[in-house]
Amino acid sequence: MQEPRAMSSFNLIVQGKALAMDVLAELAVEAGSPAIEPLGKTAWRFLDAKADTRETLAQYCRELECDWAFVPAGITLEHFGLWMTDMDSTLIQIECIDEIAGLLGIKDKVSAITERSMAGELDFTQSLRERVALLAGLKESTLKTVYDKKVKLTPGARELIAACQAKGVKIGLISGGFTHFTNRLKEELGLDYAIANTLEVVHGRLTGQVKGPVIDAQAKADWLVKLRNELGLRQDQVIATGDGANDLQMLAAAGVGIAFHAKPVVRYQAHVALTYSGLDGVINLFAD
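Numbering (the working numbering), first residue to last: 1 to 288.
FYI, nobody ran anything at the bench for these hints, they're computed from the structure. Wrong hints could be hidden among the right ones.
Each computed DMTMM-like pair below joins lysine to aspartate or glutamate, with the alpha-carbon atoms no more than 25 angstroms apart [stated by the list, open to error]:
{"id": "1", "residue 1": "Lys167", "residue 2": "Glu65"}
{"id": "2", "residue 1": "Lys152", "residue 2": "Glu188"}
{"id": "3", "residue 1": "Lys139", "residue 2": "Glu230"}
{"id": "4", "residue 1": "Lys144", "residue 2": "Asp123"}
{"id": "5", "residue 1": "Lys226", "residue 2": "Asp288"}
{"id": "6", "residue 1": "Lys170", "residue 2": "Glu230"}
{"id": "7", "residue 1": "Lys109", "residue 2": "Glu188"}
{"id": "8", "residue 1": "Lys144", "residue 2": "Glu115"}
{"id": "9", "residue 1": "Lys211", "residue 2": "Asp236"}
{"id": "10", "residue 1": "Lys50", "residue 2": "Glu63"}
Label pairs and their calculated CB-CB ranges [to be verified]:
{"id": "11", "residue 1": "Tyr268", "residue 2": "Leu64", "range": "16 to 22 angstroms"}
{"id": "12", "residue 1": "Leu64", "residue 2": "Ala119", "range": "22 to 28 angstroms"}
{"id": "13", "residue 1": "Arg234", "residue 2": "Asp48", "range": "34 to 40 angstroms"}
{"id": "14", "residue 1": "Tyr268", "residue 2": "Gly137", "range": "39 to 45 angstroms"}
{"id": "15", "residue 1": "Gln165", "residue 2": "Lys50", "range": "33 to 39 angstroms"}
Idealized CB from N, CA, C, for every residue including glycine.
Work out the full structure, taking the sequences as your base and the hints as a guide.
Listed below in structure tokens is the structure:
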């Protein structure tokens, strides 16, 4: 996790599980915080916390298995105008391509490639093309089956979507996955944007090819900047969430880049990491 930006006043947000009063009191002492505000049953705001205590707090919260983040005091969700989020293993609980592969009996093979790609061990574009090639011949109708039977939103996703919509924050879904899934999520959830790869289909079957340029790490960052500029926003008015190495550039381009249940390489480089909380943990970071 990156160092807190230079600000005159920070609040510390701790969340992810129920904590006893004596633990909260000890956290307040460690953070140099004069007061604690509850944000729910499993989240607290420690007012005027000292950012230079981050190393001690990081270790403490790891032992507690809680998420923590320093947030500039006074920043609420209304400050932001755009939330960009990854799809697979972020907005939804699955990796779609792995589930598609499962219908061909090759889920383990494809999942292993996906895992290495998300950890940054493989080039994303090359690995995606290799995985898609293995799907050649599959009926296009199978994608609907995967969506209907396998796609489930991540806990807290609906709450964060509703909070953003209530505050006028635009929502962009961007994925190295496929339009068959992003477009349906956009329609069903009322999202503002959906960007993903298009699978080539001929005579109702997948060809094993992706049409057009692949939505890779650079493309994700470029789309964030494009939408930000179209909306007339500053960098600090954008939130981004993602879990894989191909999200790193997008997270860096946002004002607040959040590693969500992410690979270690992503957690280390992001502004904030949510490992134990749901997506509604983002709401707690910027609660009124």
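Comparing the hints with the structure gives:
| no. | hint | in the structure |
| --- | --- | --- |
| 1 | Lys167 x Glu65 | 30 angstroms, violated |
| 2 | Lys152 x Glu188 | 12 angstroms, holds |
| 3 | Lys139 x Glu230 | 38 angstroms, violated |
| 4 | Lys144 x Asp123 | 28 angstroms, violated |
| 5 | Lys226 x Asp288 | 29 angstroms, violated |
| 6 | Lys170 x Glu230 | 12 angstroms, holds |
| 7 | Lys109 x Glu188 | 31 angstroms, violated |
| 8 | Lys144 x Glu115 | 24 angstroms, holds |
| 9 | Lys211 x Asp236 | 33 angstroms, violated |
| 10 | Lys50 x Glu63 | 20 angstroms, holds |
| 11 | Tyr268 x Leu64: 16 to 22 angstroms | 19 angstroms, holds |
| 12 | Leu64 x Ala119: 22 to 28 angstroms | 26 angstroms, holds |
| 13 | Arg234 x Asp48: 34 to 40 angstroms | 25 angstroms, violated |
| 14 | Tyr268 x Gly137: 39 to 45 angstroms | 40 angstroms, holds |
| 15 | Gln165 x Lys50: 33 to 39 angstroms | 35 angstroms, holds |
Against the hints set out earlier in the document, violations occur for numbers 1, 3, 4, 5, 7, 9 and 13.
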